[in-house]
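Protein chains: 2
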Amino acid sequence: MYKVNENYLKLPGSYLFSTIAKKVAAFAEANPDKKIIRLGIGDVTQPLTPPIIAALHSAVDEMASAETFRGYAPDLGYAFLRETIAREDFAARGCEIYADEIFVSDGAKSDSGNIQELFDGSCRIAVCDPVYPVYVDSNVMAGRTGTYDAATGYWSDVIYMPCTEANGFVAELPKERPDIIYLCFPNNPTGAAIRRDELQRWVDYANENGCVIIYDAAYEAYISEENVPHSVYECEGARSCAIEIRSFSKNAGFTGVRLGYTVVPKDLKCGNASLHDMWARRHGTKYNGAPYIMQKAGEACYTEEGRKSIRGLVEFYMKNARTIYDGLKDMGYTVYGGVNSPYIWLKTPDGMTSWEFFDYLLERANVVGTPGSGFGPNGEGFFRLTAFGSYENSLAALERIRSL
Amino acid sequence: MYKVNENYLKLPGSYLFSTIAKKVAAFAEANPDKKIIRLGIGDVTQPLTPPIIAALHSAVDEMASAETFRGYAPDLGYAFLRETIAREDFAARGCEIYADEIFVSDGAKSDSGNIQELFDGSCRIAVCDPVYPVYVDSNVMAGRTGTYDAATGYWSDVIYMPCTEANGFVAELPKERPDIIYLCFPNNPTGAAIRRDELQRWVDYANENGCVIIYDAAYEAYISEENVPHSVYECEGARSCAIEIRSFSKNAGFTGVRLGYTVVPKDLKCGNASLHDMWARRHGTKYNGAPYIMQKAGEACYTEEGRKSIRGLVEFYMKNARTIYDGLKDMGYTVYGGVNSPYIWLKTPDGMTSWEFFDYLLERANVVGTPGSGFGPNGEGFFRLTAFGSYENSLAALERIRSL
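Protein sequence lines, in the order shown, are assigned to chains A and B. Note that our numbering gives residue 86 to position 86 of the first sequence, counting from 1, and the numbers run on in steps of one. Add 404 to a position in the second sequence, counting from 1, and you land on the number used in our numbering.
Chain A on its own, in the form it takes in the complex:
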C-alpha cells in the first residue's frame, strides 16, 4: 500500500479561517433573521476601482481576437508588470531590486506557503507568536516542525518569538539561531509596525548568522508613519538575506482577483545554490503564470489614476480602522494596531479566552472577529477585528458591542 505524507496528519484541526467560516455558517443557518457583521477574515468589501475595471475589460477584449489573444504567460510574469513593479515599488523608494528578481504569482498566500520548499527539511524556522498560520502550517506539512503539544499549542522544533504588550508586539531577536525567519510587517494579526532601525537589526542578524528572512509586506500600503519601512530592501544588506512577499489584495482589493509577487534577489545564495534560480525553477515546473488579464489589472494599479483610486480604498479602510480603534478605546477596551494597519488587536474583556469572546460576540452582537489564540498561544486573550467592512458596518458593530 502507498503511504501518505504523515506530516499532514499532525496538523491540529483545520485551517483557522475555514474553522471560523464553518462556525459562522452554522450560526447563520440556525439564526436566519440575524444580520451578521463580518470583521473576521481579512477580506476586502469595496469593489474594484474604475481604472482597474477598465483594465480588466480591455484585457478581456484582447483575449477575444486572434491578433491580441494571449496564451501561456511567461512563467515568471509579463515584463510589463515586472518592470513596473521594480520601478514603482522599489527604485522609487531607493531599493535596488531588478525586474528579473520579481516573480509574479496568484497571490501572497500561495507564495508564503510554497517558499519553504526551497529549504532543506532540517532547517529550523522562527515565527512570531501570534502569527499568520500559513507560515507554520506549510512547514508542518513539510515535516520541519517536530511534534505538536496540544496543551501548550507549540511545535517542538519551531522557534517562537513572543509578540506581547511588553515588547509592543515587535519580537526580539531569537536566542536560538534559526535558519529561516518569518517576519510580517505591518503585522497580521496584531497590526504592529516595525521601525526602519529595528528592521535593520534583523537584517544584520540574518547576515551575521546565515539566516534567510521571509518578509511578508502584504500590508505595506497601510503604513502612515514616516520611519516605518515599506520594504525590507530599505535596509542595507537585505539583498543577501531577505525574500519579500507582496500582495495586491489589501491595497487594490484583489482578494478575489488573485495577484501577488515575491522578490528573490540574485544575491541570495547558499554556496553555489541561488535561491533566485531555484524559485524560478519552481515557477517553471509547478506553476503556469498569472493570467494576462490579472497582470494587466496589476499594471493599472500603478498609473496615476490607478494609484489615486487605490489610495482612496486604503483611506476608506483606514477611516474604519480609526473609528473602531477610537470607539473601542472609548468603551474602555485595551486596543492596539490600526495606525499602520487595517487590523485592530484588542484585549478580550473580563479575562475571557479568545474563543469565548468569539462566541460571545457572534451570539450576542452577531459580529464576527478572529480569536487571537488562533494565531498562536501568545494571541490568547486577544481578538482581531478588521477594518475591511463598510463604514456603516464598522459603526454598527461598534454600537452592538457598546450595548452588550
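Hints were generated in silico from the structure; no laboratory data involved. Among the clues, some could well be false.
[As the list claims (entries may be wrong)] Simulated pairs of lysine-lysine, DSBU-like, Cα-Cα distance not exceeding 30 Å:
no., chain 1, residue 1, chain 2, residue 2
1, A, K3, B, K670
2, B, K712, B, K723
3, A, K10, B, K733
4, B, K733, B, K427
5, A, K22, A, K269
6, A, K10, A, K35
7, A, K266, B, K407
8, B, K426, B, K439
9, A, K10, B, K407
10, B, K673, A, K10
11, A, K22, B, K673
12, A, K269, B, K407
13, B, K414, B, K427
On the provided structure of chain A, position chain B as indicated by the hints.
Coordinates of chain B only, in the frame set by chain A:
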C-alpha cells in the same frame, strides 16, 4: 548557514519548454527577418469564444459594485462551478463523482506538480516514457527519484514504463510495484489514446496492488473514438484508487486564463487518512481559490452556447491535426497521434536525434516543434508537433518541411 533543498540541484538543465523558449528567442534575435512558425509548446492560438468573453465581461462588471463584488473565493471553488462540473463532466457520462470531490484550481500544471505532496517521501512513482516532464520533475524536487544518470537519462528510483511503436504508445503494466502511477490519456506527448478495457486493467491493478493512479485527462475533449474513456471514473473501482486532473486550457483555450480542477474521491483512503481531506487541507493552507472572474468563465463553458463554441475550437484544431498528420504521411514520415489528440508524434528522418531534428527544423524551415527526447529516453528519435497553430500556419509549416 541555512541549507537549501538539495533535490532541486539534482534537476538536469531547465524545464524543457523554458529551454525551447530560450533557443527560439536566440534564433529569432539572430534572424529578425525569418517568420517563425511555432508548433512546439502546447499553447492554443485561437481567441476565447464569444460566450466566454461575455461571461468574463459580466463577471468583471460584478466586481465593480459593492453589492456584487466578490472577495476571497471558497478555497475549493464556487459551488456553481463544482456542481456544474459534477453534473456535466461526470454524471452525464455515468460517473459517480460528487461536487464536493471537485477541487477547482488555477490549472492542471499546478495540480500535477503539487499532488505528489500528499504522499510519503518513500513512495515510488511510475511514469510513462516519454512523459510530461512535470510529473517527474516535481517528484525530483521532493526527493523521491534517487539519482540521475546523465548517460541514460533515467532516475534510479523511478519506474519507467516504455511507450513505443511496438505497444502503440500505451504502456504495459509495470513489472515492479509502484506506489503512484502517472497516466495521461489522450497522451502528451505521443497523442496515443487508451481503450476503456485497457484502462480498466490499470484500475484493477492499482486496487489489487495498493497504488494510486494520477490520471491526467487534460486532452479528453479531443477524443473522437467511441471506446476511448473521457474519465478514469468510467472504469469500475476507480473511486478507490484514482485522482483525475482536468484542464480548461485545451478545450476552451484557457492557457492564459488559468483554470482547471482535480477530482479526489472520498473513497480514496490509506488507512484512516483521506486523500480528499488532505488535498482540501492543502488548498486551504497554500492556495486561495481561483478568481471568481475565471470561475464564471469556466461555468460558461457548459452552457449550450458555450459548449457549441468550444466544440468549434476543438474541431478547428483537429482539422489542423489531420492536415499535419496526412501531409507528413504523404511526405513519407512515420506519424502517430492526431486522432484523439492535438499532438502529432513523428519519427525523425534519417536517424537524426530529436534535438538534431529540432535544430534542423528551426534553422532550415523556421518551424518550432518539441524534441521527443525532452520527454524521456524513449522519446529519442521522435518529435512532437502540435495542432494548436492557425490553419494557415499548419499548411505553411507543412510546405516548408516538404521543401527541405
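We went through each hint and held it up to the structure:
Our distance criterion of 30 Å between C-alpha atoms is met by K3(A) and K670(B), whose separation comes to about 17 Å. The hinted pair formed by K712(B) and K723(B) meets the criterion: a straight-line CA distance of about 16 Å does not exceed 30 Å. Distance check on the hinted pair: K10(A) and K733(B) sit about 57 Å apart at the alpha-carbon level, beyond 30 Å; violated. At most 30 Å may separate the alpha-carbon atoms for a hinted pair to count; K733(B) and K427(B) meet this at roughly 28 Å.
Between K22(A) and K269(A) the alpha-carbon distance is near 43 Å, which puts this suggested pair outside the 30 Å criterion. Note on K10(A) and K35(A): the hinted pairing is violated, with a Cα-Cα distance of about 37 Å set against a maximum of 30 Å. Under the criterion of a C-alpha separation no larger than 30 Å, the hint pairing K266(A) with K407(B) is consistent with the structure, at around 17 Å. A distance of roughly 17 Å separates the Cα atoms of K426(B) and K439(B); the hinted pair therefore holds under the 30 Å criterion.
At roughly 24 Å between alpha-carbon atoms, K10(A) and K407(B) fall within 30 Å of each other, so this suggested pair holds. Of the supplied pair hints, the one linking K673(B) and K10(A) holds, its CA atoms being roughly 17 Å apart against a limit of 30 Å. In summary, the hint linking K22(A) to K673(B) is supported, as the alpha carbons are separated by about 24 Å, within the 30 Å threshold. For the proposed pair K269(A) and K407(B), the alpha carbon gap of about 10 Å is at most 30 Å, so the pair holds.
Taking the CA atoms of K414(B) and K427(B), the gap is about 22 Å. The hint holds against a cut of 30 Å.
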